[in-house]
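Trainee: All chains, please: the whole structure from these sequences, using the hints.
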Amino acid sequence: MEPFPEIPMLGYDVVVIGGGPAGMAAAARAKELGLSVLLLDENDYLGGILPQCIHSGFGIHYFKEELTGPEFAARLAKRLVELGVEYRTAARVLEIRNYSDLEKVVIFTSPSGVYQVWAKAVIYAAGARERHAFEIGIVGDRVSGIYTAGEAQTLMDIYGVLPGKEVVIVGSGDVGLIMARRFALEGAKVKAVIELMPYPGGLARNVMILKDFNIPLYLSHKVVEVRGKGRVQRVKVVKVDENINEVPGSELWIEADTLVISAGLVPAVKKLKKIGVEIDPATGGPVVNDRLETTVPGIFVAGNSLVINDLVDYVAEQGELAAEGTKEFIDNGGIESRKWIKVEKGSNVRLVVPHYLSGERDVYLYLRVARPMEDVELRIPEIGKRLKLPVVKPAEMIRLKLKAEEIQKANKKLTVEVVKA
Amino acid sequence: MKIKVAIIGAGISGASIARVLSKYENLEVHLIEKAPDVGWGVSKANTALIHGGYDDDPDKYPMRAKLCIRGNRLWHQWVKELQIAHVWNGALIVALQEEDFDELERLLERGRRNGVPEMRIVDREELFHLEPGLTREAIGALWVPIVGQIGPIPAVIALVENAVANGVKTHLETEVRGIKVEGGEVKGVETNNGFIEADIVINAAGLHADEIARMAGIDYFEIHPRKGEYFLFDDDVPGPRRVLFPTPTPISKGIVVTTEISGHLMIGPNAQDLPPEKKEDFATTKEGLEEVWEGAKKLWPQLPPRSKVIRTFAGLRPEPTGGDFIIKAEEEVWGFINVAGIRSPGLTSAPAIAYEVAEIIQRDLGIKLVEKEKWNPYRREITHFFMLPPEKANEMVKKNPSYGKIVCRCNNVSEGDILEAIERMKFIGVKTPSVDSVKFRTKATTGTCQGSFCRPRIVQLLAREYGVEPWKITLKGKGSEIGIGDVKALLRRDEA
Ligand SMILES: Cc1cc2nc3c(=O)[nH]c(=O)nc-3n(C[C@H](O)[C@H](O)[C@H](O)COP(=O)(O)OP(=O)(O)OC[C@H]3O[C@@H](n4cnc5c(N)ncnc54)[C@H](O)[C@@H]3O)c2cc1C
Ligand SMILES: Cc1cc2nc3c(=O)[nH]c(=O)nc-3n(C[C@H](O)[C@H](O)[C@H](O)COP(=O)(O)OP(=O)(O)OC[C@H]3O[C@@H](n4cnc5c(N)ncnc54)[C@H](O)[C@@H]3O)c2cc1C
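Here the protein sequences line up with chains F and A, keeping their order. 1 is the number of the first residue of the first sequence in the numbering used here; add one for each residue after it. 422 is the number of the first residue of the second sequence in the numbering used here; add one for each residue after it.
A hint or two may mislead.
Keeping only pairs whose Cα atoms sit at most 27 Å apart, straight-line, the calculated BS3-like set for lysine-lysine is [what the hints assert, rightly or not]: (1) F/191 - A/707; (2) F/385 - F/339; (3) F/229 - A/707; (4) F/165 - F/239; (5) F/385 - F/412; (6) F/401 - F/342; (7) F/236 - A/899; (8) A/909 - F/211.
Just a few of them, taken from the derived set where beta-carbon distance is under 8 Å, the chain F residues facing chain A [claimed, not checked]: (9) 113; (10) 155; (11) 164.
Hints listed in this document are in silico derivations from the structure and should not be mistaken for laboratory results. Idealized CB from N, CA, C, for every residue including glycine.
Mentor: Given below as structure tokens:
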């Protein structure tokens, strides 16, 4: 029952989709565990978005050393090569088919042809996409000079093109702040960073960039309109109140030739949706168990496709975990657990993964809060877990280790909440 | 000696005329367009419907009434000859209250007069069979099965490719600035690229047709822009199977809810009259979009969340004095033919407009048109990797590896598709490389991510194929360059 008798067929235990840090770590680990693995990435190079992140700040946990994005990617790539992992670049997965638990077909295209791969399991690590100007409701003229942060970064750091010289940045998360610095370093004038929320979105060390380069930050403001002929000439900014409603009469215009949108990432999971994987509206990624298996048996997920991570170290960690899950799945013909304990969101918790725990293994919970708070406690009342935290911010992912014995104390569910200490 | 014809404007009207006139042995046809590519005027942003022809009152607007239904019939044939993406899914004009049936009866009657086949009023039960997702408040509808949808710019491109293959000469980035008239006869057009001699000048300049007419001394009409705005949603949002209209009011056909040919739910347009000097104002507005949202909700209550919007855009209808199409040979200036005020349903009517012009040339200018012995009615559609079944795709890749490399990940547009687009751009004379030219031919950059992944790679391919620096590649023509220089450009200038 070959789906496409006329195209060449390959066979592996596991296909890893995406050659970013999640996929590379997953492929390496799967190989170490003795699985036959094929890693596919559509770019001409491995590394996902890391090669375009030429700043440092990667790898402090994973490699115990501060690296740039390309360096982090190169280390993982080296490991792949040393392990003899098979990979293909310029190889775009078009479709995943789920025939049964241990029969998956992945169809990909590449300059050497279109192929079908039979595999027992799939690790999906295709990353995320950026939210763009239309999605955040900006109106006005159809002009050039509007880029997402990643697009501007690619133009500058992969292709050597300078997009413009007077820049307004939408979003004060780490990505927006890093792009503000990047433009400033090339001699462009960053006229403003506009942030919807009443607090900056990025890490404190990145917020410092604004001081270093004398860049004004407008909190509780949003860009609503762009005007120009051919190219952006000015952008309209308005103030918003506590409920994010525009304050009438607060409009101001900023002259600029470039608008960079850094308004957050969305997991790229359309291919998973097509095969019936359940999506968590809070993360935008799949619902998973503690092996990072989705609701379709044998389909695992890691990295930004699972949940938007701010640290690449966690991404690589998830890749390895997914590989371990895959090994267990293939060896036992499925992930069999006696019971699943559901992880629920309590007070001030916006999202948390994984969604289901078996209590058979230690896990890391990755969670984000809804709003910033100081002097708080992270609590899981069902098992009496308490952790003091001086500050929590929506931008910073909290990673919490739970021991198997701890989890086992819970009956049906665990509630994670962040409350005043 | 051949008769020289200059067509001003490569929109759907000008392109259709060029194609039809390319059939004749004794004409030398020049298609003149100020934009860098074809189809970027009014034809670029509209609802893309091939209307049913029931809407236009033959007493008030005889040209529209006659040409719309004839155009619809011709499109059924032209989309096949030219391989233009299309869907014939029919339209429902929906009644939400009893009174609406009076208007639907009027439309039915008018449609019959205009010669529209197969229309009828359907009851609630049949209505929901035709369109299960419709608002529960609907009580019946007028069903017009001949309504369809096409890609308007791809249609213009197809027409121009076919016209050029049949000998038409294009002049892109060529703006007509004056019309030479001597002794009551046209002699040609003045442009930024010099004088183009012509015995017949056809004014198909869309929003600017009144200005062009004035250049020939004809000033009995004016054109004012009427803006319409739209939302386009991600392709995983369910849309209707049919084109859904509300029951029209005297002012407007109303806000349409439809799934456009690429599978995206689309809603719009509203109608806002702008002053005549605002012919370049294609900006979307908060108010206009709000109006569209509210209007669409009445027919399609389950509108997706705003985060599913992938694009908003606006179009300008060229509204003429009097409201009817102005298609005629002007008596004062022999050889000057107006194809002006081509408002909605201009896209639908375009093929019929073109035959009308051919007739005018014969009847009113007294020129006997001689058909070519060999005229090629066919044009092959560009390769779309995403439409190929895997085994076909594999064959393509084996012949040419660039078809195996995906550039636009949302729509699976391959490098091969893009290189083919660039070849076709060059074939019709596109001189300034732009991302939009590639976009309209291949669908790259039109998906969920709106080009944030693939635009830099398209820029790279354009730069290579046109032999220019990547930062000089434009989004949509001169003045919309993608960058200002290499990444060190500013720093170097500081030092100097
Ligand atoms: C501007 C910026 C600055 C950052 N700064 C830091 C920092 O300082 N420190 C830090 O730790 N982290 C940082 N990050 C975050 C970190 O880079 C990401 O969390 C991480 O790279 C995500 O890895 P991933 O493997 O999940 O996805 P990606 O890196 O996006 O990789 C996914 C890969 O999958 C490929 N792919 C997708 N679909 C398919 C398909 N169908 N077929 C084949 N291939 C496919 C993609 O092309 C891509 O190569 C930053 C991110 C950005 C954007
Ligand atoms: C909101 C909206 C919705 C619509 N919906 C529909 C629909 O669903 N169905 C339908 O049938 N119709 C619809 N229409 C109408 C349809 O789009 C138009 O009738 C049609 O596109 C007009 O085509 P055109 O070729 O006459 O004009 P254009 O496409 O504007 O072409 C004229 C060309 O002339 C060029 N030009 C102008 N001045 C000069 C100059 N001086 N020198 C050289 N070149 C010049 C312009 O650049 C332009 O490319 C809609 C229109 C709008 C705006």
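Trainee: All hints, please: hold or fail.
Mentor: Do the hints match the structure? See the list:
no. : hint          : verdict
1   : F/191 - A/707 : 25 Å, holds
2   : F/385 - F/339 : 21 Å, holds
3   : F/229 - A/707 : 19 Å, holds
4   : F/165 - F/239 : 25 Å, holds
5   : F/385 - F/412 : 16 Å, holds
6   : F/401 - F/342 : 16 Å, holds
7   : F/236 - A/899 : 24 Å, holds
8   : A/909 - F/211 : 23 Å, holds
9   : 113           : 5 Å, holds
10  : 155           : 5 Å, holds
11  : 164           : 6 Å, holds
Checked against the numbered hints above, the structure violates none of them.
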